[in-house]
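> For this one, chain D is given, so just place chain G on it according to the hints.
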Amino acid sequence: MKLDDFVCFEAIIPELKSDYRDGVITELVTSLDKAGKLGRGNREDVTKAVIKREKEASTGMGKGVAVPHVKHPAVKDVIAAIGQSSMGIDFVALDKQPVYSVILLISPADNPDRHLQAMESIFRHLQKEKFRKFLRQAQNAEQIEDLIREADENPSL
Amino acid sequence: MDGRSQNNTDRQGRHRQKMACEREVQIRNAEGLHMRPAMQFVDVANRFESEISVSSGDNSVDGKSIMQMSMLAATCGTKLKIKADGTDAQQAVEALRELVEDRHFDEPLPDKKRY
Numbered sequence: 004m005k006l007d008d009f010v011c012f013e014a015i016i017p018e019l020k021s022d023y024r025d026g027v028i029t030e031l032v033t034s035l036d037k038a039g040k041l042g043r044g045n046r047e048d049v050t051k052a053v054i055k056r057e058k059e060a061s062t063g064m065g066k067g068v069a070v071p072h073v074k075h076p077a078v079k080d081v082i083a084a085i086g087q088s089s090m091g092i093d094f095v096a097l098d099k100q101p102v103y104s105v106i107l108l109i110s111p112a113d114n115p116d117r118h119l120q121a122m123e124s125i126f127r128h129l130q131k132e133k134f135r136k137f138l139r140q141a142q143n144a145e146q147i148e149d150l151i152r153e154a155d156e157n158p159s160l
Numbered sequence: 040m041d042g043r044s045q046n047n048t049d050r051q052g053r054h055r056q057k058m059a060c061e062r063e064v065q066i067r068n069a070e071g072l073h074m075r076p077a078m079q080f081v082d083v084a085n086r087f088e089s090e091i092s093v094s095s096g097d098n099s100v101d102g103k104s105i106m107q108m109s110m111l112a113a114t115c116g117t118k119l120k121i122k123a124d125g126t127d128a129q130q131a132v133e134a135l136r137e138l139v140e141d142r143h144f145d146e147p148l149p150d151k152k153r154y
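These protein sequence lines map, in sequence, to chains D and G. Following the working numbering, the numbering of the first sequence begins with 4 at its first residue and continues without gaps. Following the working numbering, the numbering of the second sequence begins with 40 at its first residue and continues without gaps.
Accuracy of the hints is not assured; some may be wrong.
As the list claims (entries may be wrong) - Below are the SDA-like pairs computed for lysine to any residue, each with C-alpha atoms no more than 25 Å apart in a straight line:
| hint | chain 1 | residue 1 | chain 2 | residue 2 |
| --- | --- | --- | --- | --- |
| 1 | D | K74 | G | L138 |
| 2 | D | K136 | G | R136 |
| 3 | D | K131 | G | E90 |
| 4 | G | K118 | G | E140 |
| 5 | D | K5 | D | K99 |
| 6 | G | K103 | D | E156 |
| 7 | G | K57 | G | G116 |
| 8 | D | K66 | G | Q65 |
| 9 | D | K99 | D | Q140 |
| 10 | G | K57 | G | R86 |
| 11 | D | K5 | G | E90 |
| 12 | D | K55 | G | Q79 |
| 13 | D | K79 | D | V95 |
| 14 | D | K55 | G | E70 |
| 15 | D | K133 | G | S99 |
| 16 | G | K103 | D | P158 |
| 17 | D | K55 | G | G116 |
| 18 | G | K120 | D | R127 |
Because the hints were derived from the structure by calculation, they are not lab data.
Chain D with its partners taken away, still in its complex shape (with noise of 0.2 Å):
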């Protein structure tokens, strides 16, 4: 699967409001909701559902990449939402360090083997020093989906 297959370039955020882990899970589905990718109403619902899954287990993997997810009926196909912050923002991460990109992602109910595939997506590219260092210096939403489409195009990136 490539990134362009489910990341909603309309949901990007260039540059995090929020400054706390809960507050940037916020910022993603809201944004993924005002992009119509969540379905009416569920946008609550689905933020709940992100925070009670982080604080199961943090998705902190280290190297400032942390990426929160979850399973939920409000849709019917993978899709996920990207964000940065310059400050850095805890989240419990794995190697303690805070997280500097953020990438949401909601994952149909009752097909976990996209899920898998749109995961392996997200950790080919994040496990790459070049691909964390490139999305942590875009500097708009247009950097980001171009670095995007680029990973996709070109693996070696």
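Structure of chain G alone, referenced to chain D:
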């Protein structure tokens, strides 16, 4: 379990057996190897000194790295090859096999209807 062994002698002059051990396991829980099971796997793998790699087809990753394990996208039914290299290789492979197959990550198996 198949394995080859070579004799190593440590500083105290004791013989320590370096082993390579490999085994195929199948993902049984319905949701597959998502983040929580991947974390359980990495936790168990890190209890051992052996180097551990896990492969699915041509894709081989470090069994002690959560990011890399998340890249396997191992759905229910996927067969993975667990390979350990070190003095506790055999124990490591057995502990991981137990987690994946016997305990199926403490998660539900798929509905019988589907499979």
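> Is it true that the CA of G/K120 sits at most 25 Å from the CA of D/R127?
Answer holds: G/K120 to D/R127 is near 20 Å, not above 25 Å.
> Checking one constraint from the list: CA of D/K131 to CA of G/E90, max 25 Å. Satisfied?
21 Å, holds
> Under the criterion that the straight-line Cα-Cα distance not exceed 25 Å, is the pair G/K118, G/E140 satisfied?
11 Å, holds
> Is the straight-line distance between the alpha-carbon of G/K103 and that of D/E156 25 Å or less?
Roughly 29 Å separates the two Cα atoms, so the pair is violated.
> Take a quick look at whether G/K57 and G/R86 sit within 25 Å of each other, Cα to Cα.
17 Å, holds
> D/K66 and G/Q65 were given as a pair; does the straight-line alpha-carbon distance stay at or below 25 Å?
30 Å, violated
> For D/K55 and G/G116, compute the direct alpha-carbon distance and say whether it is at most 25 Å.
28 Å, violated
> Would you check the hint for D/K55 and G/E70, treating anything up to 25 Å between C-alpha atoms as holding?
The given pair, whose Cα atoms are some 18 Å apart, holds under the 25 Å limit.
> Keeping to a limit of 25 Å between CA atoms, is the pair of D/K5 and G/E90 held or broken?
31 Å, violated
> D/K79 and D/V95 were given as a pair; does the straight-line alpha-carbon distance stay at or below 25 Å?
Status violated; Cα separation ~30 Å.
> Going straight from one Cα to the other, do D/K55 and G/Q79 come out at no more than 25 Å?
Given that 25 Å is the threshold and the Cα spacing comes to 19 Å, the pair holds.
> Check whether the Cα positions of G/K57 and G/G116 lie no farther apart than 25 Å.
Not satisfied, since the Cα-Cα distance of roughly 32 Å exceeds 25 Å.
Consistency with the previously given hints fails for numbers 2, 5, 6, 7, 8, 11, 13 and 17, ordered from lowest to highest.
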